[in-house]
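*Asks:* Sequence:
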Amino acid sequence: MGVEVTGRRYGGRSGEERSAERRAALLDAAFRLVAADDWHALRIEAICREAGLSKRYFYESFGDLEELSAALIGRLADELVAVTLAGAREARTPDRFVRAALEPFVAHLAEDPRRARVLFGAVPGDGAAARHRDEVLHRLIRTAVGLGLEVHGVPGGPVIDRGASFLVGGTSQLVLDWLGAEEPSPREDVVEQLAGLWQAVVDATFGPRGG
Numbered sequence: 001m002g003v004e005v006t007g008r009r010y011g012g013r014s015g016e017e018r019s020a021e022r023r024a025a026l027l028d029a030a031f032r033l034v035a036a037d038d039w040h041a042l043r044i045e046a047i048c049r050e051a052g053l054s055k056r057y058f059y060e061s062f063g064d065l066e067e068l069s070a071a072l073i074g075r076l077a078d079e080l081v082a083v084t085l086a087g088a089r090e091a092r093t094p095d096r097f098v099r100a101a102l103e104p105f106v107a108h109l110a111e112d113p114r115r116a117r118v119l120f121g122a123v124p125g126d127g128a129a130a131r132h133r134d135e136v137l138h139r140l141i142r143t144a145v146g147l148g149l150e151v152h153g154v155p156g157g158p159v160i161d162r163g164a165s166f167l168v169g170g171t172s173q174l175v176l177d178w179l180g181a182e183e184p185s186p187r188e189d190v191v192e193q194l195a196g197l198w199q200a201v202v203d204a205t206f207g208p209r210g211g
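Heads up, the sequence shown is in full-length UniProt numbering, so the first residue is 1 and it goes up one at a time.
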């Protein structure tokens with residue numbers, strides 16, 4: 001019988017594991033829907049239909065649509081920050097830092113352009129998705145600032161914060177435009193162009209006048 005008993009396993013998986021799988025399936029379904037039709041198309045009924053699950057399982061995982069939106073954007077941001085940090089930490093010197101961070105950032109988004117569309121594409125201006133997206137951008141900014149300060153060995157300051165904000169916002173839009181182009185230029189060219197822009201801003205913000 002298809003009954004789960006707390007503390008027991010069903011079909012080789014515990015109730016917690018099956019619940020986690022359903023939650024992941026709902027997030028995957030929401031990701032596909034937003035990538036295809038933007039955030040305006042996101043509805044609980046549509047998500048459940050896409051995931052092949054009932055509303056009961058939606059509310060098992062999320063209190064409402066806003067909670068799911070936060071979880072989806074958070075998951076995408078976690079993945080992007082993780083690959084960027086992993087790349088940047090391979091280069092612990094200022095001369096290699098910029099390219100080491102940018103290459104995995106661009107590669108991760110290019111691997112599945114839907115990631116960039118969902119994270120950085122247009123969202124309703126006063127909705128939950130917009131708020132969560134802003135939080136992600138600020139989180140990426142804090143990550144960029146933290147890495148830069150660590151690598152360059154300098155204290156923080158408002159100039160550095162503004163420089164990081166400029167870089168993160170500009171890079172996100174540039175990558176989004178690049179992935180949406182009819183004939184995108186080679187990925188290596190995009191990284192090269194971004195590296196030049198980043199290096200100019202990094203030199204200005206982390207140099208003698210930065211902070």
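Hints were generated in silico from the structure; no laboratory data involved.
Note that the coordinates shown come from a computational prediction; the quantities given were computed from them, not determined experimentally.
One should not assume that every hint holds.
What the hints assert, rightly or not - Here are the computed distance ranges between Cβ atoms for each label pair: (1) Ser165 / Glu79: 19 to 25 angstroms; (2) Ala86 / Arg49: 32 to 38 angstroms; (3) Arg13 / Glu192: 42 to 48 angstroms; (4) Phe166 / Thr93: 20 to 26 angstroms; (5) Val159 / Gly196: 28 to 34 angstroms.
Where is the CB? At the ideal position from N, CA and C, for every residue including glycine.
*Asks:* Next, verify each hint and record whether it holds.
*Replies:* Going through the hints against the structure:
no. : hint                                : in the structure
1   : Ser165 / Glu79: 19 to 25 angstroms  : holds (22 angstroms)
2   : Ala86 / Arg49: 32 to 38 angstroms   : holds (36 angstroms)
3   : Arg13 / Glu192: 42 to 48 angstroms  : holds (47 angstroms)
4   : Phe166 / Thr93: 20 to 26 angstroms  : holds (23 angstroms)
5   : Val159 / Gly196: 28 to 34 angstroms : violated (20 angstroms)
Consistency with the previously given hints fails for number 5 only.
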